[in-house]
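Visitor: Quick note on my numbering: the sequence shown kicks off at 2 and runs consecutively.
Think of the hints as simulated: they come from the structure by calculation, not from any bench. Keep in mind that this is a model prediction, so the values were computed, not measured. Among these hints, one or two may not hold up.
Here are the computed lysine-lysine pairs in the DSS-like style, where the Cα-Cα straight-line distance is at most 27 Å [stated by the list, open to error]:
#  : residue 1 : residue 2
1  : Lys832    : Lys765
2  : Lys361    : Lys139
3  : Lys1125   : Lys1020
4  : Lys557    : Lys689
5  : Lys916    : Lys985
6  : Lys682    : Lys569
7  : Lys866    : Lys832
8  : Lys570    : Lys765
9  : Lys779    : Lys937
10 : Lys1125   : Lys1175
11 : Lys570    : Lys717
12 : Lys603    : Lys765
13 : Lys937    : Lys866
14 : Lys937    : Lys916
15 : Lys167    : Lys139
16 : Lys1186   : Lys1175
17 : Lys1183   : Lys1172
18 : Lys317    : Lys352
19 : Lys570    : Lys603
20 : Lys765    : Lys557
21 : Lys569    : Lys696
22 : Lys682    : Lys696
23 : Lys289    : Lys317
24 : Lys1011   : Lys1175
25 : Lys1172   : Lys1186
26 : Lys682    : Lys570
27 : Lys765    : Lys779
28 : Lys866    : Lys1020
29 : Lys779    : Lys832
30 : Lys682    : Lys603
31 : Lys1011   : Lys985
32 : Lys167    : Lys289
33 : Lys603    : Lys832
34 : Lys866    : Lys779
35 : Lys765    : Lys569
Label pairs and their in silico Cβ distance ranges [unchecked claim]:
#  : residue 1 : residue 2 : range
36 : Asn559    : Glu120    : 50 to 56 Å
37 : Val13     : Asp185    : 29 to 35 Å
38 : Ile784    : Lys866    : 57 to 63 Å
39 : Arg1149   : Ala1040   : 22 to 28 Å
Glycine included, each C-beta is placed from N, C-alpha and C at the ideal position.
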Amino acid sequence: MVASTPLRELFVYPIERYIPPVAKVNDLAEAIVAADLREYVVTGPIEDALRAFLEGYAESRTATTDRIGVWISGFFGAGKSHFAKMLGYLLENRLVGDQTARQLFAARLAGSAQRMEIEGLLHRAGLLDSRVITFQIKAEQDLTAKDDSISEIMYRSYLASRGLSKNIAVASLELSLIERGLYDAFRAEVERRMGRPWAEEREDFLFIRATVAEALQTVAPAAYRSREEALAALDLLRASQQLSVSDLAARLTDYVDELARGGNPERPPRLVFIIDEMGQFIGDDGQKLLELQSIAEEFATRGRGKLWLIVTSQAKLDELIAGVKAKQADFSKIGQRFDTRLALTADDVEKVLEGRILQKQPERAADIEGFYHAHAGALASLGALPGASRSLPAMSAERFAANTPFLPYHLPLIQAIFGAVKSATATGFGINPEARSMIGMAMGVLSNRANGFTGGELGRTVALDMVYDRIAADILPQDRQEIENLEQRLPGWQALDSRVLKALYLLQQVSWVAVTADTLAHALVRDVRSDNLAALQAAVAASLERLRDARYVVTKENGAWEFLTGAKKSFEEEAAGVIVRQADVRRAARTRLAEVLRPIGKLNYRDGLRSFDVVVRGDGEELQGGQDLVLEVYSSIYRQLEERFSLEDLEQIESFSRPETVFWAADPDADLANQLTRLIKLNDVLGKWQARQTKTDEEREIIREKGTEVSTLQTKIETSLRTALYNGVVIWNGRAEELDGRTTTLNPIFNRVLSQVVPTVYPKFDLAAVRPAEDDIKAALTIASHALVAVGSGLNLFGADGHLNQHSAAVAEVRAEIAGRARRGSDLDGKALEERFTGAPYGWHPTVVRLILAALFRAGLISAKADNVHYTDHTAPAAQALFTQVRPFRRAVFFYEEAEAITPDELRRAQDELKLIFETPRREETANVLAEQIVKELNEWNGRAERVVLQLRPAGYPIPPALTGSTDLVQRVTRHSNPGKIVKAFLAALDEVRGWHAETATLHDFIRRKRPALFQQAKYLLAEIGRSEGLPGTEPLSAEDALAWRAALSALVSGGAAHAWDDFTAAFVPLGERFRQVYAGMHAERDRLLAEAEARLGESAIPATALTRYRCRGLRWAEGEITKCGQCDLSLRELDLQITALPGEERRLRDQHRVVYRDETGTGPQPPRVKYLKVAQVLAQKQAKPRIASEAELDQTLNILRDEVKQALAEADAVELE
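Required output: the full structure, derived from the provided sequences and hints.
Guide: Encoded structure:
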């Protein structure tokens, strides 16, 4: 039995004493400073940060630096402001009593491994004259200003530190007077006139403006010669006070330089700003953060170690940068300037709390340890917080001794609560700083006599309702009123109900704690010795039931409890009023069941050999479509609410009548109906709230929370549905299998039970049980016959000879189906055939169906029709697409082709004819092979025939009917898809084929020997002779032998010369030679007459230029031309016309000249003197251009010709230009 120990005797410091719960950086009362220095707890991170700062600061005495910033971060109450104040104390080293700040602080370093180093750095820092300006920035903000900048706040604080006015305009006046040595006289003059000191009067500057002007005129009459001039100067001063960041740094640097000039050179001055709560002031305002960066940059570049900036913030610098609105801005430099960073953590706060409040007397350690061991079991149970998903400090003897009367997890938990709980003022700074401070909380809880610690004994424990009482005045009024009014409003109220609600209110602020009755019982224990945890838990559970009935609390989807306040309570009251019917529950269950069953529905049969789309039905409604296999699923709700449901009926009756169906009944779940009811109510109210046009911030938050709850509850319901199925019953064909829940995914169960059904529903599946390849379809229609045996492995579609395997079971089934449909007149489109063979009793893969049909098409047993085009040729790309592409296949219609019987004699005769006509090498005498050869040869020769026709037509060669009907003949033979029919059609058209082939071969050789050109010349020759009939000199062409040649050649040209080419040449060659002789004679006669005419005209000095068109440079036969001269290009008739016209042309020229030139005496015409000028020769001699491109060039050319003509006329009667 351990003796009782009074709690108050355990502590080093009296637990009733008052400690300022929040360090205020500008609270510098000596008592406060002394307490701060004597009780400050120096943790390891604080030592590291202090050393880092002092190193850089001390070095600035002898070397410049741009790393002039310290960033101190941590949640509210973590000790940021305290550490910032401590830096200020140590830099200024003020006297506290009879000791300096550094001497007091040195005692806090006892036992530290860094003590000597830090003390040395403090000594070096003492060699600097540190001027520290400390303030909380929100407290210094001018709330009347629209946008008070950081620079202005800092500058005002600097002015105040010098005893100047915080009004920048007034301070500028003061600084100006100080600079001129007039400040003291000015203050005295104002005091004389006003009767009060200047420091008091200046704050009402507008009211004393006239007095200030008069005082200025008095102390500086040279500068202000009249009162009006002084007033104007004051107005100008007020209007021009714009302060930039650069101005701030310049003025502060000037001030430090001024101090240096008047101070001790061994102790150079430094100006240090310590600004509290800078992070909260910036918030998410990117412009403010940019301004702070600019200030730090200007301090660094302009001050070079003379100006320092120490700030505190709840957020770390990186976190603050990430959270500002101006995320596109560049904040890279601010991190470089704030080189020293200290992030205070929960561990630091706990150490401070333990050091300043919870520190125990060393001599009482044995008492505490003895108590711990005596109650180790109860303490171990209390030391873990049920429902917490985050790791919290565990109970141990050391932690118990350090933390009691708090439990080890209390301190981090309370810090998290304080960080999350909403403030009554909603200023963004949380609840009252003093209340939220961990020191303030601990001090308030322990010193409150109602909590029993001041007079209690060891074992007394802090409960969360005590913490609530400490901060109650600062939480949201509506929340507080709900709790305070509980005693009057809750039927059967008990004191525990209020305690439960207080603890629940705090715990639910933390998202990582699921607040159960067990959680609350642990949080409400007040004495380890007397409180029975199990009994307390039962009492808490009963209290929660009372609170739920009165709608103060509600159970969340995860089983945790939630205290309802404000709009959230209104939401729950609306939800409670929603009427939910059984039909609603069943519909909601079916919706969630559909989501649960969504991943199943495609049966993976035999490891992917075939996948089947299964019809999935849930609670009597089809959820997913399929073909023949059916899965009927019944949820726990269906089993519970459907009166006609019976597992025995399913097993003994219905499963036999529906062999294609597997029945899967879920295990009962008693709580599922409640969960679905809650979901329906939530969705009903949530939809109404979301539809509201206007919403408060609280309502938006509730909508978000309830939306999350709906999502979580849906997931929970779906998990319950799955679990019930995992433990349910599967029934098929009279057999029931109870599942054991060990399989925790649906697909394995689905695949296993449905695979048993396949052989029953699809008894012919194994006839085509292969894993098909799409490429096989293309191969079946395109590759050579000898390679077909490899197509459709496992189906045995083709034999080694390349013929369709008529004994293949799959081929036989498809062939019989098509033949039967053809006889019955049933649908034969691809879609109907696919549905037939993919459905019962086959269940084949759709690709297998297309592959087998492609094989039948290749073998000629079926033909296809699509878009009014009938296809029989498997080599046609359009026909192949009907099998290789799914959509064209489904639209195509297929026709059954009966096999054609053919005798061996017919086969032998066809092969002999192929050899004889086409010189085709002999191959096996089968219909398939011969048909393939026939098609190949006929198509090749048809192409040759078409080319022959195209080449003969330009020459005017008469096309024989055999060639014009070539394509028709080939199609009549090859149009059949059945090989036997092709052979028979070939034999039936044999005479036509022989004539067609012979004609094509003859004309092909005719073209190959380039004879169409001679044929065309012969046609021209006959036509030219006919046109020249009866002309003088053409008598040889009508001679007896020539007439014979003409008759023979004309007959051959009309009937086709290719077959009698020797006769053609026997007539064409001599006739052509005779024609050339006649033509040469007439050509020579024309030349003779022309020469004589030109000579006679020349003798008479008559120009003969007009006869130029009759001239020829000599007879020359053009290549391939036998009817015209290649020089003059005249026919026989045209030559005859020239011969006839020449005498008349000569007479015309003479008559023309006779009229123009006559003798001057009039006695008769005299022959004129004519001089001929060649224009090209004249221009060449004068170096003129033969081509004229402009008017200037034309004028130049005409002038040259005019001069030459004038000169010629001096020597002759006329000039003729050539």
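Visitor: Enumerate the violated hints, using their earlier numbering and listing them in ascending order.
Guide: As far as the earlier hints go, 2, 8, 10, 19, 20, 24, 28, 30, 31, 35, 37, 38 and 39 are violated by this structure, in ascending order.
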